[in-house]
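**Q** Chains A and B, in that order, are what the protein sequence lines are. Counting from 990, one number per residue, gives the positions in the first sequence under the numbering used here. Counting from 125, one number per residue, gives the positions in the second sequence under the numbering used here.
Derived by calculation from the structure, the hints in this document are not laboratory data. From the three backbone atoms N, C-alpha and C, an ideal C-beta is built for every residue, glycine too. Any given hint might turn out to be false.
As the list claims (entries may be wrong) - Taking lysine to aspartate or glutamate and the DMTMM-like style, the derived pairs with C-alpha atoms no more than 25 angstroms apart in a straight line are:
| # | chain 1 | residue 1 | chain 2 | residue 2 |
| --- | --- | --- | --- | --- |
| 1 | A | Lys1002 | A | Glu1071 |
| 2 | B | Lys194 | A | Glu1090 |
| 3 | B | Lys180 | A | Glu1090 |
Stated by the list, open to error - Selected chain B positions facing chain A (in silico; Cβ < 10 angstroms):
| # | residue |
| --- | --- |
| 4 | Glu130 |
| 5 | Gly228 |
| 6 | Arg231 |
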Amino acid sequence: ETGVTQSPTHLIKTRGQQVTLRCSSQSGHNTVSWYQQALGQGPQFIFQYYREEENGRGNFPPRFSGLQFPNYSSELNVNALELDDSALYLCASSLGGRGAETQYFGPGTRLLVL
Amino acid sequence: SQQGEEDPQALSIQEGENATMNCSYKTSINNLQWYRQNSGRGLVHLILIRSNEREKHSGRLRVTLDTSKKSSSLLITASRAADTASYFCATDDGNAGNMLTFGGGTRLMVKP
């Protein structure tokens, strides 16, 4: 157990809908990263939040957006869902900075878009 | 895009044998990490090796890093059925944040 929790565990949506996924970081961690993992592939970096500010973004369109709250929990929002958005969404928390690069992953939210 | 490429993509061995997985990457890195994933769930951090280190051990795990060849290997000794999982290497290039770039993974099956 990493102490990182995600909700919901599973979700089914239809194309064009919007979804919000949630992540609670490990106690004391101020950095949250989000990854998308398609079936049979490695995780792909979506973006990272550090102290409530976006601190890096991968190659994902603007319809993927996020928030980090003062308690360092985070949300991932995806608008105008597409079939290819079906994936396991993972969040990871870390302390950030040199010497604290290890990321602690939650169990993921599995999203199915029909 | 994926930075690392694992080799082999799949590996099947008997319990007690050693398992070796290799990872190649493309750009300079700050550190390289190995993660394990069971049945499509969350990733578990195994080991981190920095760019100025060549070898690291943790229990039955041994990781090597060759920055001149941009490659790393993970050795699991005396494998157990419980080691059955997917293993991913991930690189951190030390730029803004600690963004990890993952490879495609090696699916390891250890037969009892």
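**Q** Next step is simple, just say for each hint if it's right about the structure.
**A** Now for the hints, and whether the structure bears them out:
| no. | hint | verdict |
| --- | --- | --- |
| 1 | A:Lys1002 to A:Glu1071 | holds, 10 angstroms |
| 2 | B:Lys194 to A:Glu1090 | holds, 20 angstroms |
| 3 | B:Lys180 to A:Glu1090 | holds, 16 angstroms |
| 4 | Glu130 | holds, 8 angstroms |
| 5 | Gly228 | holds, 5 angstroms |
| 6 | Arg231 | holds, 9 angstroms |
The structure shown violates none of the earlier numbered hints.
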